[in-house]
Amino acid sequence: MGLKIIVLAKQVPDTRNVGKDAMKADGTVNRAALPAIFNPEDLNALEQALRLKEKYKGTTITLLTMGPGRAADIIREGLFRGADDGYLLTDRAFAGSDTLATSYALACAIRKIKSFDLIIAGRQAIDGDTAQVGPQVAEKLNLPQVTYAEEVLKAEKGKIQIKRRLERGVETVESPLPCVITVNSSAAPCRPRAAKLLMKYKHARTMSERQTQAEDYIDMSADRPYLNIQEWSVNDVETDSKWLGLSGSPTKVKTIENVVFQAKESKVLTSSDKDIEELIKELIVNHTIG
Amino acid sequence: MNNVFVICEMDEGKVADVSLELLTKGRTLANTLNCKLEAIVLGHKLKGVETQIFPFGADVVHIGDDPRLDPYTTLPHAAIVNGVFGELKPQIGLLGATTMGRDLGPRVSSALVSGLTADCTALEIGDHEDKKAGKVYKNLLYQIRPAFGGNIVATIINPDCRPQMATVREGVMKKEIYDPNYKGVVRLIDVNAYLKDEHLVVKVIERHMEKSRVNIKNSSIIVSGGYGMGSKENFQVLYDLAEVIGAEVGASRAAVDAGYADHDRQVGQTGITVRPKLYIACGISGQIQHTAGMEESSMVIAINNDPGAPINKIADYVITGDVMEIIPKMIKYYKKNSK
Ligand SMILES: Cc1cc2nc3c(=O)[nH]c(=O)nc-3n(C[C@H](O)[C@H](O)[C@H](O)COP(=O)(O)OP(=O)(O)OC[C@H]3O[C@@H](n4cnc5c(N)ncnc54)[C@H](O)[C@@H]3O)c2cc1C
Ligand SMILES: Nc1ncnc2c1ncn2[C@@H]1O[C@H](COP(=O)(O)O)[C@@H](O)[C@H]1O
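So the protein sequences, as listed, match chains P and R.
Counting from 0, one number per residue, gives the positions in the first sequence under numbering that gives the first Met the number 0.
Counting from 0, one number per residue, gives the positions in the second sequence under numbering that gives the first Met the number 0.
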């Protein structure tokens, strides 16, 4: 029996390459100044979905991402690896969302997608390292949650079995479907793009992207509806604006500071026997060691 | 009312260290705010657990003791915390940034629309002026945390929503007995008042927990190795040095990722925070995510063949040279000079 799976994936700034202009004056992230990547643990999440698709005939995978227009890349990347379709939730009204406002918006979009058996998210996004959106989406949809998933063992007869990786051990849990799971980086890595899918979906675009293409661009989406990436604005989903964006975010950034090292005054030694022996003697005398 | 709450976690029949650390912090915050400190413990066979908690300065310990609360699953714990928080309206709610706290915290904060800051490295009380709205907020919880892969430190506040919730990793706050004779009151939670069948749908089928083998957090000397150690075999000299001087071995994430050391030895922002008497950093460059977890060490010795390594800036002693040459010499001269 096939499953309907929604994978939540986020486009994140690559925090491994952060420059000076990464933050705006209001304390929010200046995404334009950073390379944007598929959040690493969301790729682990996608892989779990792809494995279920192989195991259970008729399974479909729908990606859902909220972000600026260029986050359509996330949907394309998912299609190249085996997802069936995707939605980009994009609107200025969502800007400045903290995790609660993000999960509210995602939950509203999921309600609109309506039919699903399983929602899979990454454990956490590397831009915030918060690991909150998965559980909060679950709470908003009143679904059970299973966090720190390492492997989906099976999903049959309305139940799912999941191996969880905890700080000091492993646990297998069973939850009824539908539910929300969040996947760890210790889970299997995501398979690469498939050449065939890359050919098929290379020209997949959102409506906004199609409108800004060069003149010689030939729009084939009329004949090939799969090349149309669904784009939803705030008006396409049922939301209450008071829960959205900056105003719907209970947490505010008060201040941010760049991290600077306070240089200490240090004693510089060489690797010579004399230097090392002096140091050891000093440490013994002042009772630091021994 | 509007007190400071700490959600305590149990670890093999004992209150987990991270919870005791949070109680210590919570007591300080409660003193600043002139309010009470309350603890919530949920689990099974908790008889007498309050005696572990009172010395850390808790005025009230809420105990929910029921077989359905052990092992931990999300929905029953969330239902009870939501219920208790809903009635007692804490101004602050703190949890450990453990697999449990990071599972429970967001669920509760979503239900209560309260906002939650994950992995704080400092918590302080302060005011905030919202110039646009012309409003001044008194005595907010400053939730201070590194963001953006550690490149910045952000202070987060929740001006309007309560409770102000935060998670903190084990070892980040100090654990200190407030008063060994401190006595508060116990309040038993009526579990049945909150727990419904619908909360019991997720079942734990199997569980394997290992006892943590290493205890670098409580070690007063740490010999820590980085990617510059070059191999798992070379790491052995660190164990040798640790053995003779009575230390534990730590590691950087790059060393852990490379398989030189186990994950439970990782020091840093996504590992353990340590504050030993002496920290010897061997072949560690000293990226901010690493130093975030060791910069409070009383003394730092950096051994690195690059005289410009960032770790040298926070070191008391900088030894420039090859780790594989220097560490055997340290062992040799320690043996020679100690009685
Ligand atoms: C979100 C995030 C969280 C992170 N969390 C952590 C964390 O918790 N802990 C952590 O440690 N890192 C963490 N990191 C990674 C961190 O940014 C660094 O990549 C890491 O600390 C580097 O480890 P290293 O110093 O061992 O390796 P390197 O940076 O490769 O440094 C190796 C050093 O060894 C020296 N060296 C080489 N050979 C020798 C020799 N023979 N003798 C002496 N010296 C030698 C080199 O000069 C160099 O300084 C995190 C990163 C991110 C993005
Ligand atoms: N804007 C978003 N769009 C889609 N999924 C998201 C978004 N933000 C967070 N998520 C999902 O929630 C997980 C946890 O994110 P976070 O709470 O920000 O660490 C991520 O790994 C994603 O799966």
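These are calculated hints, taken from the structure and not from any lab test.
Remember, it's a predicted structure, so these values are computed and weren't measured experimentally.
Ideal Cβ positions, reconstructed from N, Cα and C, are used throughout, including at glycine.
It is possible that some hints are incorrect.
Restraint-style ranges between C-beta atoms, simulated for each label pair [said to hold, decoys possible]:
(1) P:221 x R:205: 50 to 60 angstroms
(2) R:178 x P:55: 42 to 52 angstroms
(3) R:337 x P:273: 13 to 23 angstroms
(4) R:191 x P:193: 47 to 57 angstroms
(5) R:186 x P:225: 38 to 48 angstroms
(6) R:175 x P:111: 50 to 60 angstroms
(7) R:137 x P:110: 34 to 44 angstroms
(8) R:186 x P:94: 38 to 48 angstroms
Hints violated by the structure (listed by number, smallest first): 2 and 5
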